[in-house]
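J.: Next come the chains, spelled out residue by residue.
There are 4 protein chains.
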Amino acid sequence: MNKHKIINDPVYGFITMPYEIIFDLIEHSFFQRLRRINQLGLAQLVYPGANHTRFNHALGALHLMIKAINVLEQKGTLISKDEKIASCIAILLHDIGHSPYSHVLEKTIIPGVHHEKVSLELMKLLNKQYNGQLSMAIEIFTNKYKKKFLHQLVSSQLDMDRLDYLTRDSFYTGVSEGIVGIDRIINMLAVCNNELVVEEKGIYSIEKFIVARRIMYWQVYLHKTTIAADQILLNILKRAKYLVANNKKIEISKDLEFFLLLNTKTKIDENILLRFVKTDDIDLMYNIKQWQNSDDSILSFLCMSLINRNLPKIIIQNEVFKKDIYTEKIKQIKLKFNIKNNNETDYFLTIGTLKNEAYKYKGTIKILSKNGEIKELTTASDNYNLTALSEKVTKYFLCYF
Amino acid sequence: MNKHKIINDPVYGFITMPYEIIFDLIEHSFFQRLRRINQLGLAQLVYPGANHTRFNHALGALHLMIKAINVLEQKGTLISKDEKIASCIAILLHDIGHSPYSHVLEKTIIPGVHHEKVSLELMKLLNKQYNGQLSMAIEIFTNKYKKKFLHQLVSSQLDMDRLDYLTRDSFYTGVSEGIVGIDRIINMLAVCNNELVVEEKGIYSIEKFIVARRIMYWQVYLHKTTIAADQILLNILKRAKYLVANNKKIEISKDLEFFLLLNTKTKIDENILLRFVKTDDIDLMYNIKQWQNSDDSILSFLCMSLINRNLPKIIIQNEVFKKDIYTEKIKQIKLKFNIKNNNETDYFLTIGTLKNEAYKYKGTIKILSKNGEIKELTTASDNYNLTALSEKVTKYFLCYF
Amino acid sequence: MNKHKIINDPVYGFITMPYEIIFDLIEHSFFQRLRRINQLGLAQLVYPGANHTRFNHALGALHLMIKAINVLEQKGTLISKDEKIASCIAILLHDIGHSPYSHVLEKTIIPGVHHEKVSLELMKLLNKQYNGQLSMAIEIFTNKYKKKFLHQLVSSQLDMDRLDYLTRDSFYTGVSEGIVGIDRIINMLAVCNNELVVEEKGIYSIEKFIVARRIMYWQVYLHKTTIAADQILLNILKRAKYLVANNKKIEISKDLEFFLLLNTKTKIDENILLRFVKTDDIDLMYNIKQWQNSDDSILSFLCMSLINRNLPKIIIQNEVFKKDIYTEKIKQIKLKFNIKNNNETDYFLTIGTLKNEAYKYKGTIKILSKNGEIKELTTASDNYNLTALSEKVTKYFLCYF
Amino acid sequence: MNKHKIINDPVYGFITMPYEIIFDLIEHSFFQRLRRINQLGLAQLVYPGANHTRFNHALGALHLMIKAINVLEQKGTLISKDEKIASCIAILLHDIGHSPYSHVLEKTIIPGVHHEKVSLELMKLLNKQYNGQLSMAIEIFTNKYKKKFLHQLVSSQLDMDRLDYLTRDSFYTGVSEGIVGIDRIINMLAVCNNELVVEEKGIYSIEKFIVARRIMYWQVYLHKTTIAADQILLNILKRAKYLVANNKKIEISKDLEFFLLLNTKTKIDENILLRFVKTDDIDLMYNIKQWQNSDDSILSFLCMSLINRNLPKIIIQNEVFKKDIYTEKIKQIKLKFNIKNNNETDYFLTIGTLKNEAYKYKGTIKILSKNGEIKELTTASDNYNLTALSEKVTKYFLCYF
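Residue numbers (this note's numbering), protein chains in the order written: chain F, 1 to 401; chain Y, 1 to 401; chain Z, 1 to 401; chain S, 1 to 401.
Check each hint, because a few of them may be wrong.
[Stated by the list, open to error] Among chain Y residues calculated to face chain S with C-beta under 7 Å, some are:
1) 176
2) 179
3) 181
4) 200
5) 208
6) 211
7) 217
8) 219
9) 221
10) 225
11) 252
[Said to hold, decoys possible] Some, not all, of what chain F presents toward chain Z, calculated at C-beta under 10 Å:
12) 9
13) 11
14) 12
15) 13
16) 14
17) 176
18) 179
19) 203
20) 205
21) 215
22) 221
23) 265
24) 266
25) 267
These aren't lab readings, by the way, just hints derived from the structure by calculation. Beta carbons: idealized from backbone N, C-alpha and C, even for Gly.
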């Protein structure tokens with residue numbers, strides 16, 4: 001059987017599966033599940049074209065990894081076949097631990113646990129099934145492998161993950177501002193002292209990449225309407241959790257109920273993982289559709305709002321909201337929805353903060369100048385805006401029905 | 001409130017909502033449901049990028065309708081504001097009656113009824129809610145309106161529906177062969193004797209459009225792997241229907257059960273319609289996910305196969321399958337799955353036919369020559385391949401586990 | 001005869017000529033000449049795809065002007081048919097006064113005169129030929145027309161000129177970093193107090209536009225190899241001028257000789273203009289090809305270098321070059337080329353400065369916030385990088401054979 | 001010095017130079033000349049975006065060659081490094097013998113000689129300069145090399161030349177109908193019995209490729225306005241030739257005069273070749289610009305018409321023009337231009353034929369079916385339109401001022 005398959009991809013044209021194990025992992029049900037995890041959660045309510053999934057993203061990141069490895073090899077960096085396979089596995093599986101609706105419910109489905117942690121646990125489980133064939137991939141993923149640059153290709157300020165998601169998300173949302181010169185960036189990559197660096201002449205492409213990332217945050221990932229939709233989803237889960245915990249009878253699927261009852265302190269064991277990989281966007285959305293008819297008026301109200309896209313209003317500003325604005329809104333909400341119980345206003349009104357650092361950790365993108373010197377990006381650049389971009393921007397939102 | 005909204009679309013960039021009623025209809029829950037109906041059914045199992053929905057397609061077709069109307073007006077065709085609105089409504093709602101997974105389950109969810117019939121019934125229902133504002137749109141949709149060309153823009157060999165779906169489906173699948181010169185085609189449209197015609201110099205674009213359509217059929221819509229996946233889905237529903245009809249207990253959601261029990265002869269009444277608009281891909285896929293654990297081994301086998309993309313083999317050929325090949329396969333299936341009951345082999349082996357006429361009804365694309373004469377496309381063209389393309393191609397498939 | 005022509009454009013698909021006068025002006029020999037003026041001068045020696053011309057750019061800017069006017073009208077701004085035509089003429093002809101190789105030879109062909117001044121004089125000449133039909137266009141072009149925003153669409157920090165050239169130049173060079181969200185930007189335009197403003201939600205697109213512009217400057221317009229090629233071209237003309245002025249016999253075409261003998265103080269009269277419109281890239285390049293065989297060894301060396309793309313070296317740095325580096329290089333050049341005459345080293349070695357202000361005149365892009373307030377861009381934005389971008393960046397180059 | 005350069009290309013993004021010799025050949029003045037040979041001759045008068053050159057096309061074809069070789073190697077075909085280099089050289093230089101304005105003046109500049117013959121002679125000349133390094137490339141180019149499939153990649157019904165020019169020409173003209181699925185086609189290539197074949201599942205892409213080629217012929221290469229412009233150019237050269245041959249004094253550049261006096265029977269020697277590589281679009285267009293002021297009224301009329309794009313009318317039809325239409329037109333022309341001499345009417349009126357075979361030599365595209373059988377394309381395909389496409393279409397034109 002031919003395992004060197006070619007997959008059509010609207011963004012890159014063709015993606016070639018380079019190794020048998022990659023093909024096998026893609027066929028595995030853990031990976032097939034990613035077909036049912038939307039890449040951008042509820043952003044599709046703002047950008048209706050954004051129906052792409054973690055499955056698409058993972059394949060795209062794999063494609064870029066293969067390209068990057070080719071470029072590094074052509075420049076003389078030695079990478080063994082095993083290392084190539086391991087790097088491909090690591091990037092392919094880096095998001096395998098994503099919860100339904102990706103980031104919205106991160107740390108909610110398995111309370112307090114980041115998706116990368118879940119990805120790691122699932123890789124370990126797969127490693128058992130594949131008799132240790134994933135060991136080096138796990139080392140790379142957890143940055144324990146000696147060739148540090150391989151980890152940096154998987155996870156760093158300029159990894160294949162980011163390059164793919166910016167390109168892909170801007171492609172599917174139609175927000176052309178997010179387009180990044182991936183070909184140029186990848187061609188400018190090099191390895192120096194075991195670290196990933198960028199050749200100096202690629203510096204403008206890197207600046208553009210950082211600006212594009214910043215724009216995608218405000219225009220898409222933290223778009224006010226996306227945030228508003230996220231709040232409903234979070235409040236729906238909060239309410240369902242409350243009802244389940246308090247033995248109020250609601251129709252709910254078994255696996256979802258299991259996760260809603262899960263305690264923050266629980267250790268992630270195989271039982272949890274096997275239930276996790278059975279849970280995807282379909283389960284969540286089905287339950288929400290059912291809950292439109294729930295006896296609990298709060299739950300049904302929230303679910304109907306989400307399904308029919310009747311989203312709450314949202315104000316975003318640069319300063320913390322003043323106490324009196326907040327209390328005034330609470331008063332209005334109580335009247336409007338006839339709420340007696342003070343604890344219940346939170347389902348209809350949420351406050352929160354949004355943070356965006358376009359260039360997150362100062363110092364981590366290294367520029368290789370022509371004379372062989374290595375400088376950090378903001379130092380190497382001849383202008384001030386990169387420094388400005390590395391300031392963290394914080395905004396505050398008030399979201400209410 | 002601003003109802004002249006702009007929507008981002010990956011294919012066309014921006015889509016502007018031109019009229020308030022259009023905006024309102026898009027907000028309506030009947031239309032929002034289309035967000036949960038995949039445009040290409042199970043083709044996403046072959047082309048993982050093809051996650052777009054009927055919602056995207058309906059907006060795209062609307063966009064092209066507005067363009068086409070502009071072109072016709074510039075060429076002197078009179079179209080009143082009411083007619084423009086009505087045409088926009090007609091194209092916006094033309095697919096509102098699609099079942100879950102679009103064409104796969106057409107005539108299955110509401111037995112024997114084509115999606116256009118359901119669209120019409122839903123438009124009539126909406127027309128009541130909107131106090132008759134959709135009356136002219138319904139006339140256009142059903143070709144009862146005097147200006148016949150408006151109907152042709154909605155539904156004909158060269159309608160805005162086809163122009164959008166070819167463009168959109170080739171965009172999302174990454175099959176560049178399906179790309180069509182929509183801008184050129186729309187610019188070449190004109191009205192003559194109340195009918196839609198194409199200016200002569202657009203003839204090569206039309207030929208290209210027909211070839212592209214033919215290619216998209218074989219490469220995407222009738223791709224062998226898509227057909228194989230469709231067979232599982234159809235057999236799952238068949239099995240579920242059998243179990244429900246015979247009082248075998250399966251976990252099933254209310255609305256889906258209702259449809260499985262529906263009789264072919266039933267008249268589509270408001271009750272059916274209101275249940276229909278609550279049923280989408282989510283419900284179906286959720287039930288299938290649950291049925292993986294069903295006690296019925298046939299049902300659970302089929303559902304696991306679909307969810308984990310373990311698709312059956314499929315052979316496609318130009319001739320009818322010979323009896324002995326078929327009986328041989330049946331024998332193998334019986335052994336492999338240990339089947340006693342002869343009726344049950346059909347769940348594991350399906351035969352069927354595929355048909356494709358690139359240019360379906362001879363005579364319906366009219367070409368306007370420079371001297372004002374109107375000819376039918378195959379007559380106007382200077383070559384033979386169009387005649388060849390209008391031959392119906394039939395193929396036969398045998399699909400088995 | 002049909003004057004409502006459609007022109008194919010690789011960037012926008014189709015460009016429609018909206019008015020007869022526009023069609024006539026495009027047919028005019030002054031405008032047809034732009035087919036022979038390369039848009040990016042010698043940048044094609046770095047980016048071989050950059051063969052597009054001022055003709056393409058002018059049509060593109062016209063296309064955007066029509067779009068922008070549509071958007072403003074839909075938002076309620078009144079614009080009469082005459083004003084629309086005049087705006088279209090103004091943008092169509094804004095670059096008609098460009099010298100061969102566009103900016104490289106600006107102020108060289110007609111000494112000391114900016115191309116906009118020449119454009120204006122040519123418009124006046126055309127206005128005579130067209131019996132005053134261009135009067136309003138000239139008022140708009142020179143910002144004397146009452147509706148100031150029409151001038152701003154033609155010439156300002158955010159005019160249709162810039163939007164087109166960034167988009168077009170990035171398209172043809174293949175430098176994807178220069179891609180700008182033109183559709184979004186144009187959709188966000190509005191008029192307030194007679195001035196062009198941008199709706200607040202378009203602010204990220206504007207930021208992106210400014211960053212893209214800055215990147216295009218360093219990556220394309222001021223690319224070191226382009227600068228190096230420019231220096232040869234400038235030195236060729238300088239040498240030819242010297243030879244012509246000193247009665248050294250060189251083969252030279254009449255019109256080019258005329259311009260080389262032109263004095264800075266000459267008034268631009270009709271004679272000059274009529275010779276100017278006969279001079280384009282073809283004349284210049286032909287003379288350079290001939291001069292490869294000139295008896296003057298400096299001229300022939302420079303011409304051979306340009307034709308065969310043997311470009312000089314170039315160093316670009318942030319500080320002024322130190323005297324001793326310069327004198328050292330001069331010494332080497334003298335030896336290498338066996339130069340006796342001190343004045344002649346300049347033909348082989350050039351120093352100069354490059355300047356780039358991404359956002360040139362502080363205060364000219366106005367943002368319209370939701371509450372109707374108008375703020376200047378850097379004030380309206382929530383981050384610091386725009387302020388940083390409005391700093392002028394100066395670099396110094398040393399270019400030598 | 002780094003000879004592994006990357007070149008930006010608007011069509012493919014980046015083109016990497018794989019070998020030093022390739023880099024050196026690109027730097028050679030014979031190849032740099034291609035920067036000054038327009039790819040599509042005068043089609044730019046119809047499609048103003050079509051300013052691309054033979055330089056761009058040659059690099060593009062090189063890029064596809066590298067891709068194709070990679071695919072074949074991955075499928076197990078053995079190709080040595082020397083063979084790779086030779087194939088790259090052969091495709092890079094395949095068009096080096098093109099005359100100014102490409103096909104329009106083919107066989108005119110060097111009378112009766114096809115551009116491929118000139119390319120071959122120039123390769124031989126280069127081979128001397130490079131001490132035999134091009135020998136294998138020449139064998140491949142002339143189909144004398146044992147691995148026949150390498151020649152087929154350079155020159156056959158499905159070579160890298162065609163794949164690039166269709167893609168590139170449709171990109172620059174904006175005629176989207178010409179877009180071809182190059183990635184898919186190249187991925188479907190294989191070698192069988194030393195011949196290039198296409199895997200069966202690529203058959204629809206091949207069909208599309210042939211249809212696209214046919215459309216590009218009628219829509220671009222044989223577009224009626226292009227043909228009309230070509231006629232002027234041919235008549236200009238014919239008139240200039242006549243004047244030069246009859247000692248009428250016209251201003252003309254030396255090299256062009258040399259070629260106009262050249263005899264059909266002349267052998268192509270080194271002297272001819274060295275003058276040839278100095279002659280490009282610039283020379284021709286400069287002379288035409290000058291001839292606008294010629295004393296010969298026929299020459300000046302034709303040149304002014306071309307420069308200012310005042311093109312003659314043209315009628316294209318499927319039948320030979322009747323004698324009486326022709327004589328009537330001649331009569332009108334004589335009156336209009338006050339022509340006494342019967343021989344001179346031909347400069348103002350031309351008749352000719354246009355031929356187009358989309359799939360030229362029956363039998364040369366081979367399809368590899370899954371069972372290993374090889375069939376010719378029209379036999380392998382399940383439909384009739386390919387057979388139809390392989391019919392030669394002939395049209396007749398009458399072009400007159």
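J.: Now tell me, hint by hint, if it's right for this structure.
T.: Each hint, compared with the structure:
Interface hint at residue 176/Y: satisfied, since its Cβ lies 5 Å from the closest Cβ of chain S, which is below the 7 Å cut-off. The criterion of a C-beta within 7 Å of any C-beta in chain S is met by residue 179/Y, whose closest approach is roughly 6 Å, and the hint holds. Checking residue 181/Y against chain S: minimum C-beta separation of about 5 Å stays under 7 Å; hint holds. Contact between residue 200/Y and chain S, as hinted, is not supported at the beta carbon level, the nearest pair being about 12 Å apart and thus beyond 7 Å.
The restraint placing residue 208/Y at the interface with chain S holds, with a minimum CB-CB distance near 4 Å, inside the 7 Å limit. At a threshold of 7 Å, the smallest CB-CB gap from residue 211/Y to chain S is about 5 Å, leaving the interface hint in force. Because the closest C-beta pair between residue 217/Y and chain S is about 10 Å apart, greater than 7 Å, the hint is violated. Because the closest C-beta pair between residue 219/Y and chain S is about 5 Å apart, less than 7 Å, the hint holds.
Look at residue 221/Y: its Cβ only gets to about 12 Å from chain S, farther than 7 Å, so that hint breaks. Violation of the interface hint for residue 225/Y is found here, the shortest Cβ-Cβ separation to chain S being roughly 11 Å, above the 7 Å cut-off. At its closest, the beta carbon of residue 252/Y sits 39 Å from a beta carbon of chain S; the interface hint therefore is violated under the 7 Å criterion. For residue 9/F, the suggested interface contact is broken, since its CB lies about 18 Å from the closest CB of chain Z, more than 10 Å.
Taking 10 Å as the C-beta contact cut-off toward chain Z, the hint placing residue 11/F at the interface is violated, the least distance being around 13 Å. At its closest, the beta carbon of residue 12/F sits 14 Å from a beta carbon of chain Z; the interface hint therefore is violated under the 10 Å criterion. Interface hint status for residue 13/F: violated, as the beta-carbon distance to the closest one in chain Z is roughly 16 Å, over 10 Å. The closest approach between the C-beta of residue 14/F and any C-beta of chain Z is roughly 19 Å, which is over the 10 Å cut-off, so the hint fails.
A distance limit of 10 Å between C-beta atoms decides the matter here; for residue 176/F the minimum to chain Z is near 5 Å, and the interface restraint holds. Because the smallest distance between the Cβ of residue 179/F and any Cβ of chain Z comes to about 6 Å, under 10 Å, the interface hint for this residue holds. Checking residue 203/F against chain Z: minimum C-beta separation of about 9 Å stays under 10 Å; hint holds. Hint status for residue 205/F relative to chain Z: holds, with the closest Cβ pair at about 6 Å, below 10 Å.
Hint status for residue 215/F: holds, given a least beta-carbon distance of 5 Å to chain Z, under 10 Å. Interface restraint check for residue 221/F: the shortest CB-CB distance to chain Z comes to about 12 Å, outside 10 Å, so the restraint is violated. With its C-beta approaching chain Z no nearer than about 39 Å, residue 265/F sits outside the 10 Å limit, and its interface hint is violated. Taking 10 Å as the C-beta contact cut-off toward chain Z, the hint placing residue 266/F at the interface is violated, the least distance being around 40 Å.
For the restraint placing residue 267/F at the interface with chain Z, the shortest Cβ-Cβ distance is roughly 42 Å, beyond the 10 Å limit, so the hint is violated.
In the structure shown, a violation is registered for the earlier hints numbered 4, 7, 9, 10, 11, 12, 13, 14, 15, 16, 22, 23, 24 and 25, in ascending order.
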